[in-house]
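There are 2 protein chains.
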Amino acid sequence: MRLLNALFSPRRVALVGASDRAGTLGNLLARNLESFPGEVVPVRGGGSLLDVEGEIDLAVVAVPAHAVPAVAADAAAKGVGAMVVLSGGFAETGADGVALQAELVAAAGSVRIIGPNCFGIQNCDLPLNASMAAGLPRGGGGISLVSQSGAYGMAIYALAVDERARFAKILAPGNTCDVTIAELLTELADDPASETLCFLLESLVDGRAFVERARLTTPDKPVIVAKTGRSEAGARAAASHTAALAGSEAVWHGVFRQAGIVEVRSGQELLDVARALDGQPLPAGARVGIVTNSGGVGVELADLLADEGLTVPALSAPLQDKIRDMLPAFASAVNPVDVTPVWSRYAELYPGLTDLLARSGEVDVVIPVLLQRAAMDTPTAEALRDVVLALHDDAVGVPVHVCWVAPRDARPNADLLQEAGVPCFEWPARTARAVGHAHRYAMARERTAPPPPVPQRRTTPTPTDPAGAAEVLAAFGVRTATSTLCRTVDEAVDAATSYPVVVKVAAAAHRTELGGVRLGLADPDQVRAAATDLLAMGPVLVQPQLSGVEVAVGAMRDPVFGPVVMVGLGGIWVEVLADVAFALAPLGRLEARDLLAGLRGFPLLAGARGAPPVDLDALADVVVGAGNLLLAADDVAELDLNPALATQDGAIAVDWKITRDGTP
Amino acid sequence: MRLLNALFSPRRVALVGASDRAGTLGNLLARNLESFPGEVVPVRGGGSLLDVEGEIDLAVVAVPAHAVPAVAADAAAKGVGAMVVLSGGFAETGADGVALQAELVAAAGSVRIIGPNCFGIQNCDLPLNASMAAGLPRGGGGISLVSQSGAYGMAIYALAVDERARFAKILAPGNTCDVTIAELLTELADDPASETLCFLLESLVDGRAFVERARLTTPDKPVIVAKTGRSEAGARAAASHTAALAGSEAVWHGVFRQAGIVEVRSGQELLDVARALDGQPLPAGARVGIVTNSGGVGVELADLLADEGLTVPALSAPLQDKIRDMLPAFASAVNPVDVTPVWSRYAELYPGLTDLLARSGEVDVVIPVLLQRAAMDTPTAEALRDVVLALHDDAVGVPVHVCWVAPRDARPNADLLQEAGVPCFEWPARTARAVGHAHRYAMARERTAPPPPVPQRRTTPTPTDPAGAAEVLAAFGVRTATSTLCRTVDEAVDAATSYPVVVKVAAAAHRTELGGVRLGLADPDQVRAAATDLLAMGPVLVQPQLSGVEVAVGAMRDPVFGPVVMVGLGGIWVEVLADVAFALAPLGRLEARDLLAGLRGFPLLAGARGAPPVDLDALADVVVGAGNLLLAADDVAELDLNPALATQDGAIAVDWKITRDGTP
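Here the protein sequences line up with chains A and B, keeping their order.
If you count the first sequence from 1, position 117 lands on 117 in the numbering used here, and the numbers rise without skipping.
If you count the second sequence from 1, position 572 lands on 1236 in the numbering used here, and the numbers rise without skipping.
These aren't lab readings, by the way, just hints derived from the structure by calculation.
Treat the hints with care, since some could be wrong.
[Said to hold, decoys possible] Far from chain B, some chain A residues (derived; all Cβ distances over 10 Å):
#: 1; residue: Gly-47
#: 2; residue: Met-154
#: 3; residue: Ala-155
#: 4; residue: Leu-200
#: 5; residue: Ser-231
#: 6; residue: Gly-234
#: 7; residue: Gly-267
#: 8; residue: Gln-268
#: 9; residue: Arg-345
#: 10; residue: Gly-397
#: 11; residue: Gln-543
#: 12; residue: Ile-572
#: 13; residue: Val-576
#: 14; residue: Arg-593
[Unchecked claim] Partial chain A-side listing against chain B, Cβ under 7 Å, derived:
#: 15; residue: Ala-189
#: 16; residue: Gly-229
#: 17; residue: Val-299
#: 18; residue: Asp-303
#: 19; residue: Pro-428
Even for Gly, the Cβ is constructed at its ideal location relative to N, Cα and C.
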C-alpha cells in the first residue's frame, strides 16, 4: 500500500492510547476519529497492536513518549502501513529525547512514521481527522497543506474555515523523524485530489530533493511555500525548533524561483494564494479589469496591482462605448470601471460588467470591488456568483477575484461567493498580492524547465593550479584568459607578446587584497617592474589585458540544497548592492539566462548606455559549466570565476579559483 | 470664529434642503444631525437662510446643485461661518459643473466652503454627524481623518468601527473648491483633540503648503498619508476624479520622508498605523520582544519585523533566567519567548511576561501574539489589558501591540483589548507593518528639522553662460571646476597649464551625446587635436581633469511641490538603477546629508572598497546651494550639476547648466 493511501485513505485505523478520560490526548483523538467512515480499533492502556485481529493500515499513537518505541515494534511485527505519532517528548526536548527518537525509528523498521510531536493528519474528503484539532475544514477542494508548525498550521486552517476555503489533505509532520518533506511533496504531487500544494516550512533537511521534485511538479500543480526563519532572529528561533540549518535567504529564493515555487512571506498569504489558484483559471497575462463603486478604492487597487507587476490598461474605445451604455452619467468606463454609488443597480451592473470584461479579450483577470453597500447587497453577491459560475462553465479562461471592503456583518455575502468557489479577498492589499502571485505562477509555468542531465563523474583529483584548473574548466565549456606561469622576471617579459598585459600573483587566494594584480602594463619596462615586485610573493601569471562587462560566476555546495551556481555583476554590484542570484545545478542555458536577467544590473549586460549587448548565451554557458563542474567533481568545494568578462563576442574568465575540500 | 470651530464645534447649525421625504439627502442629513447637542435649524424648500433668526455657525447644504450658489449668497449675507456642501453636480461632471462651482465660490464671498460633492464632516466627540454616513465611529480618541475619497473614506471608518478605533474628527472635502487640504492640516494640527492626523489623498493642489505645514507638525503629532494614484493607471483614474496633477512618485516620497510624514500604501494600513500611534508611547528603538504560544508564528513575525528594519534580539542571560523560572520545561526564553501550549497558564504568563519585558530595558516594543486558544481565553485578554493599562499609568515608555491570530468568533476578546486602548492587529503581516511605521515615525521625529530661512530674492536676470553661471553658483556656495572659455586652438593650448586636462564644448545642452567632451588630455598636442575637433561645434572650455565620486545634483520646480532638489550617484546609478532622491528646498545641511544617506549607492560616498569617505558636509552644501539658487532666482527653471565630484577634501561641480524659463 503506498504511503499516501496508508496515511490518508486507510481502511482500518488503530488508535493506540485510546482513552475514555476527558482531557487526555487519547480521548480527544477518539472523538476526532468518530467521523471516520471506516473502522477505528481502540488499543487501550496495557493492550497491544499485536492483539488486534485483521489488518491495520494506519496506527495513530498517543501513548507517553517512553512507550512509543514498543508500539513501533508491535506495528512493525504486525505489518502496519504507517504510524502517526502525536506524542511529544522526543528530539524537541534535548539529548535524551533525541536518543528516544532514534530508538523509535529503529523499532519501526519498515513502518513509515509521521511525527513524533505532531498535530496529526486530516483527509477532509473521507473524512479522517487523526489530529488534535477539533473539526475539519471543508472538503471538496484541492488545497493540501503540510505545516511544520503545528499550532500555526491549525491557526491557518481555522482562518480557512472562516474564509470558507475547501481543502483536500492536511499534515503536520512534527519532528519529521522518517517521512521527509520532499517525500510528502512527491506523494501529494501524485494525488489527484491535491491540486494546490501548500507548505509552511521553517527548515528542510532534504532541500535538494524537495526542490528537484517541485521543479517537476509546478508545471502541473502550484507549489506554494511560506519559508520562515529568513531573518537572523527568525532563523535562531526556527533552529531551536527544528535543529536544521536555516541556509541563506538568497539561495532559498533563487532555487525556489527556478523551481517555479510560489514563495510567500506568511501563513495568511499562503492561504490567500491557495484560494486564488485552487480551481481557478490561470491569468494568461498581466492585464486586470476593475469594476468598482468607489473611485478611491479603484485607484488604490490599481496602484497595488502595479506594485505586483500587473497593469490596469485603458479599455478600447468600442468596449468603453458598450460599458458607457450600461452606466449612469459621470461614471467612468476607462478602467477602473467606476459604476458610482447607484445602489439600486449594483445587482445588475456588477455581474453584467464582470461578464463583459471577462469575455472581452482585453483583460486577463477581472476584479469586482464590492465596497460597503455593494457588499451588503445579497442579490448582488448572488448574481455575481452566478455569472462567475457561468464563465467557468463556458471555460472562459479569465479568473474573477473579488476584492471585499465591507464591515464584518456583511461577511455572509462573501461566504456565499467563496463557498461557490469565487475567491474573495479582504481589502485591496491582500487582493493585489494574491492576484500578483497567481500571475507570477502562470508566468513561471511557462519558464520552468526539467533539469538537464547530470554530467558524468570525474574520477581523478581535480587540479587547483592555474593551468590545470584552466584545462578542467575548458572541458566544461568555460574559456579562460591565455596565461603564462612565470617564475622569473625575464620569463614574464618574454610572455608579454602583445600589450597591454596584466601581471598577477599565481596563487588566487587574497590576490587582490594583497595588491597582487598589476593592470594595463603597456611596455616591457612596466612588465619588468611589476614582475620584480610580485615575484616576491611567488610565481606570477602574465595575461593579455581583456575588456568587457565584469561578471562574477561561482558554484558551491549549499548546506541545504547541495550544488548551486551564483552569478552577479562584478565590483560594486556585488560588493555594495549584493546583487547576486543563485540556482540549483545542473541548470540549462535558458535557466542561466533567466538568472542573469533577474539581476538588477542586467541592463549593463543587455546593452545599457549605448553599449552593444553581450553574448548572453556564451555567458549563460559559463554559468552552466560552473555548475556542471561541481556536479562532476566530488572533490571540489567551490569554484570562483571572478571576474569573467562578457562582451558581444563571448565570455571568458580572467581569474579562476577551484577550492578542493579541505584545501584553502 | 476660526474655521475649525465653525466646522466641528458650531453652536447652531442650519440644514438647507431639510426634507421629511424618506430617501432624500435632506432627510438623511436631518436624521444624522439628530444627535447634535446644539440647535439644528431646518431650511426647507422655498425657505432661505436669511429667514433664520439668530447666528448660524455652520450651514449644511443639500439642495440641488443649481440652487447652491443662491444659498451661498444668502450665507454670505447672513455672515455664516462655514458651509458644507454635500450636493453633487459640480466640477466632477464636466465644463458646466466647473462653471457652476466657480459661481458658488464667487457667491460665498468670505464664507468658507467644504465640498461640494462631499460626504460631509463629523465630530465624534460632540457628536456632530453632518455627513451621509449613518452613525459615527467612537469618540474619545485622537484619530482625525481627511479623505478625498468619500466612499472609500466611509469604508475605512466602517473598518474603524469594527476594529474599535476611537476618532476625533472626520472630513471628506469632495471637490475642495475653497478650503484646501493644507489648510485642513493646519487647523487639525492646532486642534488639541486631534492627536493623530490621517489623510487619504489622490492629489494635492497645494502640495508645497501641505508638506511645509506637515514638516512643522510631525515633531508633535504624526501625519499619516495614504497617497494613491502612484501607478500609471492609478494616476489616470485619480486625475479623472480630481483634475489635479499626479506628479512623480519619487518626488512625493522624498518630500514626505523629509517632512516626517508616515507614508502608507492603503487605507487599511492608514488605520492600522493610526491605531499603533494614537495614545501609545513611541518606541525608543528597534528592539522587539515577542511572547507567543506558537513557535511557528513567532518565527514568521520575527522575519516580518526584520523586513521592517526592526530586530528581535536575544535577551540577556539574567532576564532569560527570570523568564525560564516562569515557563514550563522546553519552552524558549530567548526571544521570541515561546510559552508553549500551556493553555491553563496563559492568563498568568501573557500579562506576566509582557510586564517583565516592558520593564526590562532590553526591548523597545512588546508584541504578545495571541494565537487560537490564547485569543479565545477571555481571562487572558482581561489580564493583559490590565497589565498594559498599568504600564501606561506608570509611564513605562514601551508600547505593547497585540498580534491577533484567531478565528472570527474570538473577536470579542480583541475588542476588549482595543476598546481599552491596547492595539490589536490581525495576523503578523499587519502587525509588523504597523509597528514598523511606528518605529520609523519615532526615528523621523528626531530627524525632522524646521526649514531653514528662504534666501533673498535675486533681482537681476540669472546668467546661463558657463562663467556667469559659475559666478552665481559660487554665491550659493557651489564650487565649480576652474574653466577657461576658448575660441581658438591656441587659446585652448595656452589654457592648459597643468595636465591632464579636459576640453569640452561650452554649450552644455546635449554635450555628452554629441561627443563634445574629451577627457584625460595629457599634453599640448592632445589638447590641440581635441580643441581642433570640438571648436567646430562652438567655443570650448578647458578644465583641469579632477577625480572623485561622480554625483548628480539638480534643482527644479516640481508641478506639485515647487522648488525641489535631486541627488543621485552618477553614471549607472542614475541611468540603470534610477537611484535618485528628492527633497523640498530650502533644506539644511543635515537634511541634505540624510538625503545622500538614503541612496542605495551611499556606501560609495561613505568609503566602500577601502576608499576614504568623501566630505559629506561639503557635498551636502552643494545640494543646499542648488536648492537655494532656485528659491532665490525666480527666472531659473532648472539647475543641473552633473557630475559634481566628491572627494575627501570637498565637492566640486565639473559640469553645470542653468536653464531659464523658456530657454533650453
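Against the structure, the hints come out as follows:
1. Gly-47: At roughly 28 Å from the nearest Cβ of chain B, Gly-47/A sits farther out than 10 Å, so the non-interface label holds.
2. Met-154: 6 Å, violated
3. Ala-155: 5 Å, violated
4. Leu-200: 7 Å, violated
5. Ser-231: 3 Å, violated
6. Gly-234: 4 Å, violated
7. Gly-267: Violated, because the least Cβ-Cβ distance between Gly-267/A and chain B comes to about 7 Å, which does not exceed 10 Å.
8. Gln-268: 5 Å, violated
9. Arg-345: 15 Å, holds
10. Gly-397: The assertion about Gly-397/A holds, with a minimum of 23 Å to chain B.
11. Gln-543: 22 Å, holds
12. Ile-572: Contrary to the label, Ile-572/A does not stay out of reach of chain B, its closest Cβ about 7 Å off (not over 10 Å).
13. Val-576: Not fine: 5 Å to the nearest Cβ puts Val-576/A too close to chain B.
14. Arg-593: Answer for Arg-593/A: holds, closest chain B Cβ roughly 19 Å.
15. Ala-189: 24 Å, violated
16. Gly-229: 5 Å, holds
17. Val-299: 4 Å, holds
18. Asp-303: OK, holds: Asp-303/A within 7 Å of chain B, min 4 Å.
19. Pro-428: With a closest approach of 6 Å, the Pro-428/A hint holds.
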